[in-house]
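Participant: Mind docking chain B on chain A? Use the hints.
Take a look at the letters that make up each chain.
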Amino acid sequence: MTTSSPRGPRTRFRRRVSGVLALGFGLMSCALLYTALTPAPQVAQAQGDAALIAKGQQLFNGNCVTCHGSNLQGVQDHGPSLIGVGQAAVYFQVSSGRMPMARQEAQAIRKPPLPTYDPATEEGAANLEALSAYVQANGGGPVVPAATGDALRGNDPARGGELFRLNCASCHNFTGRGGALSSGKFAPRLDPASESQIYAAMLTGPQNMPKFTDRQLSPEEKKDIIAFIKSVEGDYNNPGGNPIGGIGPVSEGVVAFTVGLAGMIGFALWLGAKS
Amino acid sequence: MTTSHRDTSSRDTPHETTERDESRRVEPTAAELEDMSQPELARLAAELDDVDIVHNTPPWPVPGTRAERRAERAVGLWFIISALSALAFLVCYLFWPFEYVEPGKPGYWTYALYTPLIGGFFGLCVLTLGIAVISYVKKFFPDEVSVQQRHDGPSTELARKTVMAQLAAAGKDTGIARRKLIIRSAGAAAGIFGLGLGVAAIAPLVRNPWKGGPKAALWTTGWAPNYPGEVVYIRADTGDPHDIKLVRPEDQGAGSMQTVFPFRESERDDEHALAEALKRADNPVMLIRLRPGTPVIQAPGQENYHYGDFYAYSKICTHLGCPTSLYETQTQRILCPCHQSQFIATEYAKPVFGPAARPLPQLPITVNEEGYLVATGDFSGPIGPAFWELGGNA
Numbered sequence: 001m002t003t004s005s006p007r008g009p010r011t012r013f014r015r016r017v018s019g020v021l022a023l024g025f026g027l028m029s030c031a032l033l034y035t036a037l038t039p040a041p042q043v044a045q046a047q048g049d050a051a052l053i054a055k056g057q058q059l060f061n062g063n064c065v066t067c068h069g070s071n072l073q074g075v076q077d078h079g080p081s082l083i084g085v086g087q088a089a090v091y092f093q094v095s096s097g098r099m100p101m102a103r104q105e106a107q108a109i110r111k112p113p114l115p116t117y118d119p120a121t122e123e124g125a126a127n128l129e130a131l132s133a134y135v136q137a138n139g140g141g142p143v144v145p146a147a148t149g150d151a152l153r154g155n156d157p158a159r160g161g162e163l164f165r166l167n168c169a170s171c172h173n174f175t176g177r178g179g180a181l182s183s184g185k186f187a188p189r190l191d192p193a194s195e196s197q198i199y200a201a202m203l204t205g206p207q208n209m210p211k212f213t214d215r216q217l218s219p220e221e222k223k224d225i226i227a228f229i230k231s232v233e234g235d236y237n238n239p240g241g242n243p244i245g246g247i248g249p250v251s252e253g254v255v256a257f258t259v260g261l262a263g264m265i266g267f268a269l270w271l272g273a274k275s
Numbered sequence: 001m002t003t004s005h006r007d008t009s010s011r012d013t014p015h016e017t018t019e020r021d022e023s024r025r026v027e028p029t030a031a032e033l034e035d036m037s038q039p040e041l042a043r044l045a046a047e048l049d050d051v052d053i054v055h056n057t058p059p060w061p062v063p064g065t066r067a068e069r070r071a072e073r074a075v076g077l078w079f080i081i082s083a084l085s086a087l088a089f090l091v092c093y094l095f096w097p098f099e100y101v102e103p104g105k106p107g108y109w110t111y112a113l114y115t116p117l118i119g120g121f122f123g124l125c126v127l128t129l130g131i132a133v134i135s136y137v138k139k140f141f142p143d144e145v146s147v148q149q150r151h152d153g154p155s156t157e158l159a160r161k162t163v164m165a166q167l168a169a170a171g172k173d174t175g176i177a178r179r180k181l182i183i184r185s186a187g188a189a190a191g192i193f194g195l196g197l198g199v200a201a202i203a204p205l206v207r208n209p210w211k212g213g214p215k216a217a218l219w220t221t222g223w224a225p226n227y228p229g230e231v232v233y234i235r236a237d238t239g240d241p242h243d244i245k246l247v248r249p250e251d252q253g254a255g256s257m258q259t260v261f262p263f264r265e266s267e268r269d270d271e272h273a274l275a276e277a278l279k280r281a282d283n284p285v286m287l288i289r290l291r292p293g294t295p296v297i298q299a300p301g302q303e304n305y306h307y308g309d310f311y312a313y314s315k316i317c318t319h320l321g322c323p324t325s326l327y328e329t330q331t332q333r334i335l336c337p338c339h340q341s342q343f344i345a346t347e348y349a350k351p352v353f354g355p356a357a358r359p360l361p362q363l364p365i366t367v368n369e370e371g372y373l374v375a376t377g378d379f380s381g382p383i384g385p386a387f388w389e390l391g392g393n394a
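One line per chain: the protein sequences are A and B, in this order.
Just so we're aligned: the first sequence equals residues 1 to 275 in this note's numbering.
Just so we're aligned: the second sequence equals residues 1 to 394 in this note's numbering.
Bound-form chain A, shown alone (with noise of 0.2 Å):
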């Protein structure tokens, strides 16, 4: 047999050497590329401190997992999976007192937070931070921001009330006193909601309102919404001196025809028995 080279063996040696050495250098560089060209997470999640999350694990065991599951991920015809709901589902449904529910129903309504959460009391406010981490730490989701009450408020009302109008008022009425939906379900007043509130119930869409993420509705947008919010809450703008429901033609036509012409006919009868 005669070989084609004297150097065959090795050159073939060489070949395969050289072959493995590019190869690796090939996949180290696609690695390396990989690494630095991959965007980070768009999820944010929190990992926040072990502790915390296993603070809030406890929680949500000793509260929630009847209806959500011991792994959060619901039960059938109890509760929704809570895989991926984010910090502000939590803070919103938690701290409104809507979860836990009381029973099943049409919907979960607003009621005082449970003691144990009560965002108001400074234990409560910690175990509400645990359990919302816990919920953050499985899946992410988005997240309330770190500013409350007039930080949230827009300088713009006036915008906000624009926005409103377009987005919320079809289903929470333009001065934000709700209004019905189907099947016993109900948009809700929202007075009682504090900013935080609002600004979660708007990043998450809670039970069946639409969510409305930050490209949607821009973090400015969704604070001057609240600006104008605030501005007509309750009795606070009201210079005509009562709101007379704040619904509207339905009760201001009812009160100016009862009280406004019933008005008129007396002082028409006044004038008559006069002369």
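There's no promise every hint is true.
What the hints assert, rightly or not - No farther apart than 20 Å at their CA atoms in a straight line, the calculated lysine to aspartate or glutamate pairs in the DMTMM-like style are these:
| id | chain 1 | residue 1 | chain 2 | residue 2 |
| --- | --- | --- | --- | --- |
| 1 | B | 105 | A | 150 |
| 2 | B | 105 | A | 233 |
| 3 | B | 245 | A | 233 |
| 4 | A | 274 | B | 144 |
| 5 | B | 105 | A | 156 |
| 6 | B | 245 | A | 162 |
| 7 | B | 245 | A | 220 |
In case anyone wonders, no lab produced these hints; they're calculated from the structure.
Facilitator: Below, chain B alone, put in the same frame as chain A:
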């Protein structure tokens, strides 16, 4: 105060009335008229009209008393208050700050008083004007009672016969009955003029909804491309027509809805066209993004209308045209607030409750190479309430 009592109890037969008319008519001669004073002439005028002035007491028999001057000042005061409120109304209307100020911000109360002030001053102006007129009448008009006789029954036989004869004679003398040409041409002139008036009054009420054939306003909306290949973008309304926010799929989260309108690049700087696109009644569309994995039933022929989880339905109710924008993300129902119609978003928006009988028309959408959501054509059917030509589709 002037009061007229109609007294017919004593004289209730036409005969007596005629007799009285004759007896009363004592006309003064020209010389006597010359000598009569103004009050005497006024009294004569009343007498000629069969008015008896029973009594007439002037309210202030002695002119220039203190009481009279006081009454005059009181009436004048009401008129002055009225004039001042009218002036205050005008000043407030023109110069009071009316631009919205949020409660709690400086200037809120000044702004909040704008409407009450202009309303209050206007009301005060009208009210005091009324009070002034009434008190003037009450204080300064003489206290008078007059009685006017009522003339009963028809005119006398003599008067009726002669007047009719006079009219007939006038017609005969001009010979109008024989002048057929004049009668006909006059009739034509008056008739055509009247017809013209009638047409001018009624014509604006008549519209032709079929004008344009298949492109008639009944069948098409602002989403229909004006020429083949025109890109009709989907835009959001931020409250400012010039702030054109085109919609990309990543703008909406799963389980969301927003109301969108058509936008064409050719309309970018055209204020009128932009406003028209946002205001046109059949343009509003609900762009719904369902949660991933939501089971959906497509209408036959509309399988390609959606883009991924995005579905676009007309916002105008097919019952009476209210905006059906109450979208429930869990039950997937779209509610109409007017008559409680409900549509299912996951089944081509077909009605499941209430008076609406036809699904909400669906808009075919896709994403173009720039990454924007665009409409690929007009709706699957006509918008809003049914009309005759819909036939079986109504």
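Participant: Run every hint past the structure and note whether it holds.
Facilitator: Comparing the hints with the structure gives:
no., hint, verdict
1, 105(B) - 150(A), "holds (13 Å)"
2, 105(B) - 233(A), "holds (15 Å)"
3, 245(B) - 233(A), "violated (30 Å)"
4, 274(A) - 144(B), "holds (18 Å)"
5, 105(B) - 156(A), "holds (12 Å)"
6, 245(B) - 162(A), "holds (16 Å)"
7, 245(B) - 220(A), "holds (15 Å)"
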